[in-house]
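2 protein chains.
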Amino acid sequence: MKDKVTPKILPGFMELLPEDQICFNRMYQTIRSVYERFGYLPQDTPVIEYSDVLLAKAGGETEKQIYRFQKGDNDLALRFDLTVPLARYVAQHYNDLVFPFKRYQMNKVFRGERPQKGRFREFYQCDIDVIGVESLELVFDAEMPAVIYQVFKELDFGSFTIRINNRKVLNGFFSELGFADRIADILRTIDKLEKIGEQSVAKELAEFGVSSEAAKRILDFIAYKGTNDEMLAMLDAQNVADETYREGVRELTQVIGYLRRFGVEEAAFLIDLTIARGLDYYTGTVYETMLNDYPSMGSVCSGGRYDNLTEYYTDQKLPGIGISIGLSRLFYQLKENGLLTGAPKSLTKCLVIPMNESLMDTALEAAALLRAEGINTDVYYQNKGMKQKMKYANRLAIPYVVIIGEDEKAAGTATVKDMESGEQRTIALDKLSEYVK
Amino acid sequence: MKDKVTPKILPGFMELLPEDQICFNRMYQTIRSVYERFGYLPQDTPVIEYSDVLLAKAGGETEKQIYRFQKGDNDLALRFDLTVPLARYVAQHYNDLVFPFKRYQMNKVFRGERPQKGRFREFYQCDIDVIGVESLELVFDAEMPAVIYQVFKELDFGSFTIRINNRKVLNGFFSELGFADRIADILRTIDKLEKIGEQSVAKELAEFGVSSEAAKRILDFIAYKGTNDEMLAMLDAQNVADETYREGVRELTQVIGYLRRFGVEEAAFLIDLTIARGLDYYTGTVYETMLNDYPSMGSVCSGGRYDNLTEYYTDQKLPGIGISIGLSRLFYQLKENGLLTGAPKSLTKCLVIPMNESLMDTALEAAALLRAEGINTDVYYQNKGMKQKMKYANRLAIPYVVIIGEDEKAAGTATVKDMESGEQRTIALDKLSEYVK
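Chains as they are written, first to last, in this note's numbering: chain Y, 474 to 910; chain A, 474 to 910.
In case anyone wonders, no lab produced these hints; they're calculated from the structure.
Any given hint might turn out to be false.
Note that identical chains are pooled: a pair holds if it fits in a single copy or bridges any two copies.
[Unchecked claim] Derived DSS-like pairs (lysine-lysine); straight-line CA-CA distance at most 27 Å:
#, residue 1, residue 2
1, Lys477, Lys530
2, Lys481, Lys910
3, Lys904, Lys790
4, Lys790, Lys477
5, Lys689, Lys665
6, Lys689, Lys477
7, Lys481, Lys537
8, Lys689, Lys590
9, Lys904, Lys676
10, Lys676, Lys689
11, Lys857, Lys790
12, Lys626, Lys904
13, Lys481, Lys790
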């Protein structure tokens, strides 16, 4: 006999007990159901791909974090996001897809970063993207927050705000001030505003040759707050001639208009000029989503528009727009904040308990009746005392216990106990499913 | 600009176009829903684990196939099945689990074997297992085929047979013939019966010192065919005193009795003594499942009882029983055999089409009404001709097109086209969802 191996998993990997897994899966299912309700198609790409394909674009930090290894002659890597596989998929299957191509993928991705509280090396991302050929209608820029709105409404973790901005507004504004050649640096800096504060941002901007006067204009501009209509009026009234800026304002105005037609509550979305999304990837509308009572969680759903998804694979110009929910992280944060306690803890509705072994046949038949009506039903088979049997139901949070005794068998009934109220009733077997429904 | 990278995936990896993915997901969802209907709890273990944990038992072939690599100081591996992670999970979380522990896991596993037609390196397994402490009731041996029955009934790919055997019957029979020390060899040999035929099996048995007379007795014994009751009567009538044999017959008799109480049709299960399941892992009831019209597919769902799940991790004795469906392989085979053509090809029920851009607002409102009723709805935003718009619906197999024109807008209606029948009707917007439901 070999020595025993200690059963453990790697740090930074999430593994849940059944009760939490049920809750996690319910969130997963809610998100998927909304994605499908808006017409997104399912996608499931391989976990393992060729390194040169996955890393066609990457560099720097991403490359360091990746799980990469050799198998036979092949240099392989595990996907580190769902956007690169999407780009590869669209380029590879271009002739077989219908455009605009709307897809969701909700799968694990892998990043070997140093594990920290709430950061995982293996985690679920839940993404939707729409990819167009050559161009993509602006109304999709409103569809994204409409989907976010529906998802967080159905997840039901309190009020939230979808913050919306448009990179063209920022880019145009910075160009107008004479910083067209430093836009990426400025964006990356103001993206840190919430973290490091105005003073540090101004200091960092100075390093890029932004005068303190210009820094003040930038900071005043992005700090502007108001209702969506006030924000649009303010943007329009700015003495900025830059054509990119003007286009950004027009886009933002139209997106807000569409959003209202999608039936999204006004309180749920807000133009916020501080949303820069550091990545140089984005080119138009950008989003972040905050739970209003838990600002420390940061953005729970982000995304935006990009001009060219597949540039590393084809010459075809394929613009797109997408959003992503980091579900593992979101789940962890919600649990830490005690927000998951209200959800039902069982998928199973009934536990059938035969009083003794000779009643097993009747118990199996009762369970079959319930299952035939689509009711998730477990049966307690162990020859243990009633206390043990009830404890099983209790620990698994099963809401109804269906007891089959000799009397019940003779009468064709069962005693049904509602585990929450404690109420017991005798019900005919053929009425059981109706009762527990 | 870097050179373009060719977008491609590794050989032996499955990636589906949306239409097939919808079909795959529907099968996945059917299996999961049955697993949950029988009270199984969801489980989702990490893809990456410590190599020494995953390989605690393995050796030989498994070890060669595994994706194993170094990251930092850690020797890591990708899971190659869902049973080893289950064993690790149960040993690790023993104190937090409720026993008998019933769980399902339906996830990808990874095996770097030489890719062949219909064999994948990354594929879905859909497993259920029940784990007991010290012992596990025999009625679970009937629950497994009851679950298999329900799964394949709902998957609806024609008639199927769950073949049932009990290793104790075979082991006891071989012991009675004096081969107690060669049971594993004999089992592995007769497991090849369908592949290599009686003569080759007899020849191979001779290599293990089984006389031609004994080989004939073995082959005659396992070849016996009859109804389940005839098989049980035959087994009982055998002049075999071996206690393991007798226990096996008693178990088989009881399992068949329970199965009938589960409401499983008699035609769907059959005692078949040729089912040996080569693995030395199994110790009692074993199963294989065949699609009656497609015997060449081999077993589409197999499993059985084992004595000690966690022996490499703890001293605790934890017997269990489980089954597994290799979903990726099953999907591939069904598709190859043209059995997937009947399934609906769209998750989206309606496509809303505004006749021109000025009707977009009304289209968005119509879509919101449909979605509010839980109807998966897409909207065509592109400013293209009607033919292009209808082509989009056609290619995505969306069953209803909801057309919003100027007249419809004025009247608060829409023209709904049933894409299969071609029928068109004008419907009030607030009656739309009712109509397409």
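Structure-based check of all given hints:
For the homomeric pair Lys477 and Lys530, the shortest alpha-carbon distance between copies (10 Å) is at most 27 Å, but the shortest distance inside one copy (44 Å) is not. Taking CA atoms no more than 27 Å apart as the test, Lys481 paired with Lys910 passes in neither setting, with 40 Å inside one copy and 49 Å between copies. In this homomeric assembly, Lys904 and Lys790 never come within 27 Å of each other (Cα to Cα): the closest approach is 61 Å inside a single copy and 41 Å across copies. Proximity of Lys790 to Lys477 under the C-alpha cut-off of 27 Å is restricted to the inter-copy arrangement: shortest distance 13 Å between copies versus 56 Å within a copy.
In this assembly of identical chains, Lys689 and Lys665 lie within 27 Å of each other by CA distance solely inside one copy; the values are 16 Å within and 81 Å between copies. In the homo-oligomer, the alpha carbons of Lys689 and Lys477 never lie at most 27 Å apart, since the shortest distance is 65 Å inside one protomer and 43 Å across protomers. For the homomeric pair Lys481 and Lys537, the shortest alpha-carbon distances inside one copy (25 Å) and between copies (23 Å) are both at most 27 Å. Within a single copy, Lys689 and Lys590 get their C-alpha atoms no closer than 36 Å, and across copies no closer than 65 Å, so neither meets the 27 Å cut-off.
With identical chains, the CA atoms of Lys904 and Lys676 are never at most 27 Å apart, being 73 Å at best within one copy and 60 Å at best between copies. With identical chains, the CA atoms of Lys676 and Lys689 are at most 27 Å apart within one copy only, with a shortest distance of 11 Å there and 91 Å across copies. Taking the shortest Cα distances, Lys857 and Lys790 sit within 27 Å of each other only across copies (19 Å), while inside one copy they are farther apart (68 Å). Taking identical chains as interchangeable, the C-alpha atoms of Lys626 and Lys904 lie at most 27 Å apart only when they sit on different chains, with a minimum of 25 Å there against 36 Å within one chain.
Taking the shortest Cα distances, Lys481 and Lys790 sit within 27 Å of each other only across copies (19 Å), while inside one copy they are farther apart (47 Å).
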